[in-house]
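Peer 1: What follows is each chain in one-letter form.
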Amino acid sequence: MDFDLTSEQQAIRDTCRDFAREVVAPAAEELDRESKFGYDVVRQMGELGLFGLPFSEEYGGAGGDFLSLCLAIEEISRADTGVGITLEAAVCLGASPIHDFGTKEQKERWLPDLLAGRNLWAFGLTEPEAGSDAGATKTRAEIRDGSWVINGSKQFITNCGTDISAGVTVTAVTGKPNGGRPEISAIMIPTGTHGYHVLESYRKLGWHSSDTHPLSFEDCVVPRENLLGVEGGGYRQFLHTLMGGRIAIAALSVGLAQACLDASLAYAKERRTFGVAISKHQAVQFKLADMAMETELARTMVYRAAVTYMRSGAETTDEARMLAAMCKLYASEASKRAADQAVQIHGGYGFMEDYPVARYWRDVKINEIGEGTSEVQRMLIARLLGC
Amino acid sequence: MKIVVTVKQVPDPNSNLTLEADNTLSREKEVVLDPGDECGVEEALQLKEAHGGEVILVSMGPERAKDAIRKGLSMGADRGILITDPQLAGADALLTARALAAAIKAEGPDLVICGTESYDGSTGMVPPMLAELLGAPQVSFAKKVEVDGSNLKVHRQTADGYQVVEVATPALITVTAAIAEPRYASLKGIMAARSKEIKQLALGDLGIERGEAAETIEGLAEAETRKSGVVIEFDGTAIDRIMAVLAEAKVI
Ligand SMILES: Cc1cc2nc3c(=O)[nH]c(=O)nc-3n(C[C@H](O)[C@H](O)[C@H](O)COP(=O)(O)OP(=O)(O)OC[C@H]3O[C@@H](n4cnc5c(N)ncnc54)[C@H](O)[C@@H]3O)c2cc1C
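These protein sequence lines map, in sequence, to chains A and B. Just so we're aligned: 89 in this note's numbering is position 99 of the first sequence, and the numbers increase by one with no gaps anywhere. For any residue, its number in this note's numbering is found by taking its place in the second sequence, counting from 1, and adding 9.
Please note that a few of the clues may not be correct.
Claimed, not checked - From the structure, some residues in chain B lie toward chain A, with a derived Cβ separation under 7 angstroms:
id, residue
1, Y128
2, A194
3, S195
4, L196
5, K197
6, I199
7, V254
Unchecked claim - Away from chain B, derived, C-beta distances all over 12 angstroms, residues of chain A:
id, residue
8, E47
9, D55
10, T93
11, R108
12, R134
13, K166
14, G222
15, A253
16, L287
17, E309
18, R352
Read the hints as simulated data drawn from the structure, not as lab findings. C-beta atoms are modelled at their ideal positions from N, C-alpha and C, and glycine is treated no differently.
If we strip away everything but chain A, and leave its shape as in the complex, we get (with noise of 0.2 angstroms):
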């Protein structure tokens, strides 16, 4: 048992976590007034490596490792939770399954840009009508004339509406064989294509910086050539997608969680109340040690469900299938805690906007949402159980 990191991922996080504190955190409270996306600290993080870090030399990656990746988004979203879900979308998301599951043609024409950070690739899984439950998804794919033609839409789509995003990875009904469950295919449309809308972005409660759409196609068309991986694999491929964004979710959990307590604790030392700091007193000091203490085993969590599914690989194992849903579980709540905590221990001025932890608080709560809530967590791991 070992619980070092090698030196590329000390070296890998003390570097994020330097240009975190030096680019996306000063930009971060701008960035979440506005609503704005961070075109340039989002450049800066292409110039740097980060879109590229998981991903082979081949394509233009850093040839890092999946907790390199953690390390790297649990340090960027310690300095805005946007910009971390902006990195773990396009990597996890975008460039992943094309780089996993991609041919050799469609990898030469997307990676580069998109491992540059360049270009952002989305994944539309969410529909109206299926979010938790996936695979009920209603958009269809049909073949004519030798094309794909899309018909449908996508909820709450993350990077997809950028000046700098490519194209949409959707799921899409493709046939129901012998009248069983409906056979789903992942097919990447490029943006512009005709048919192809994304509609006016969504007015969030948090995550300003980061940019989330809906979509609708309307008999929308792209070569048979844009089918990735293949036809029919659409449910096993987002579900080996899923299970590595969950783990990376967490890592950006664990970011927020180190922040409310960075910030908590620095200004418990300052404020005094009764003639001391009120870090003197024992109730503020219990909520500083619980958030250390759960940021701390969140974090560990999050290493172990790491190492577990890089030594996986392509099979989806149940050890990495629950140590991923465990730990997005663990790190979301927890940092909800830490977030609710900070604005306690903040009184009357963490209730306002020139302190961040308020917008930590509202940042922290789609953490038990976004790729599979809580409630769908525990339903994986009871099921793993064998419930």
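Please build the complex by placing chain B with the ligand on the supplied structure of chain A, with the hints as guidance.
Peer 2: Here is chain B with the ligand on its own, set in the frame of chain A:
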């Protein structure tokens, strides 16, 4: 142009410094590449990008000083040399300079870049000693370097401005923080640094012996604590009183 940058691992400037029983700095805690040397590495990389060549990092220190070299390699330097030997523990400036000189001579660089002084020891004596041992001219406090064939034009920071000095290579320069803003090691660079060579040399490999220490630490004294300032309350006469204080201090 073949450039050697001397790099040193020092305690993290953001951590508290403590002393060991023998009055040397404790290196137990977080250690980093000397921030001053980072500027030197950056300048070397920029010169290489503009004029081609190779950037070699040379360090003396314990095994783990490899991490400092590795940091520079991730920024883009080509390879590293670590001089490490139990006999070098607690080496003074002269021994350090002799060891570095022996390793650098073997490389025959056109330019050696050093920090003005290390963040921890702050003696500033190693670079001039090194220049002397290498038989190379030294230009200190460089804030800008221009290459002109086999000559360098160096802008040298002084108290009142800067001098422009011309020097023939091979030469040694010490750089100030103004020379170049160190880049982030890209994540690709970090991964690529894994496979770059760090050659390890012991005293025997360099053909030198420890010899007598040129310097020893006789004793240590606490720095005088700064006296707290005078608070002048605003009461109508405050401005005159502040002017009087400034006049007395001869700053106006
Ligand atoms: C900001 C943001 C970004 C997103 N980005 C993306 C993206 O890029 N791509 C993408 O495909 N999706 C994305 N999503 C969608 C997200 O994954 C879904 O919102 C999520 O999976 C939940 O689906 P739903 O919203 O339809 O909730 P529902 O499935 O309608 O759930 C409603 C409630 O019912 C509970 N529930 C549902 N079924 C059960 C059950 N069987 N037992 C117990 N409780 C149950 C849920 O836990 C939840 O509390 C994003 C969402 C947001 C808000």
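Peer 1: If a hint holds in the structure, say so; if it doesn't, say that too.
Peer 2: Cross-check of the supplied hints:
1. The beta carbon of Y128 of chain B comes no nearer than 17 angstroms to any beta carbon in chain A, farther than 7 angstroms, and the hint placing it at the interface is violated.
2. A least Cβ separation of about 6 angstroms between A194 of chain B and chain A falls short of the 7 angstroms threshold, and the interface hint therefore holds.
3. Taking 7 angstroms as the C-beta cut-off, the interface hint given for S195 of chain B holds, the closest approach to chain A being about 5 angstroms.
4. Restraint check, L196 of chain B versus chain A: the minimum CB separation of about 4 angstroms is within 7 angstroms; hint holds.
5. A least Cβ separation of about 4 angstroms between K197 of chain B and chain A falls short of the 7 angstroms threshold, and the interface hint therefore holds.
6. Annotation: interface hint on I199 of chain B holds; nearest CB of chain A at approximately 5 angstroms, less than 7 angstroms.
7. Given hint, V254 of chain B at the interface with chain A, is violated; its Cβ is 30 angstroms from that chain's nearest Cβ, farther than 7 angstroms.
8. With 12 angstroms as the threshold on Cβ separation, the claim that E47 of chain A sits away from chain B is violated: the shortest Cβ distance comes to roughly 8 angstroms.
9. The non-interface label for D55 of chain A is inconsistent with chain B: the shortest C-beta to C-beta separation is roughly 10 angstroms, within 12 angstroms.
10. Under the 12 angstroms C-beta cut-off, the non-interface status given to T93 of chain A relative to chain B holds; the minimum distance is some 25 angstroms.
11. Every CB of chain B is more than 12 angstroms from the CB of R108 of chain A (nearest about 15 angstroms), matching its label as outside the interface.
12. The claim that R134 of chain A is not at the interface with chain B holds, since no C-beta of that chain comes within 12 angstroms of its own (minimum 43 angstroms).
13. Distance to chain B confirms K166 of chain A as a non-interface residue, since its nearest Cβ pair spans about 45 angstroms, more than 12 angstroms.
14. No Cβ of chain B comes within 12 angstroms of the Cβ of G222 of chain A; the nearest lies about 36 angstroms off, and the non-interface call holds.
15. With a minimum CB-CB distance of about 18 angstroms to chain B, A253 of chain A clears the 12 angstroms threshold, and the non-interface call stands.
16. Chain B leaves L287 of chain A outside its interface by the beta-carbon criterion, the shortest separation being 24 angstroms against a cut-off of 12 angstroms.
17. No beta-carbon of chain B comes within 12 angstroms of the beta-carbon of E309 of chain A; the shortest separation is about 28 angstroms.
18. With a least beta-carbon separation of about 30 angstroms from chain B, R352 of chain A lies farther than 12 angstroms from that chain, consistent with its non-interface assignment.
The earlier numbered hints that this structure contradicts are 1, 7, 8 and 9.
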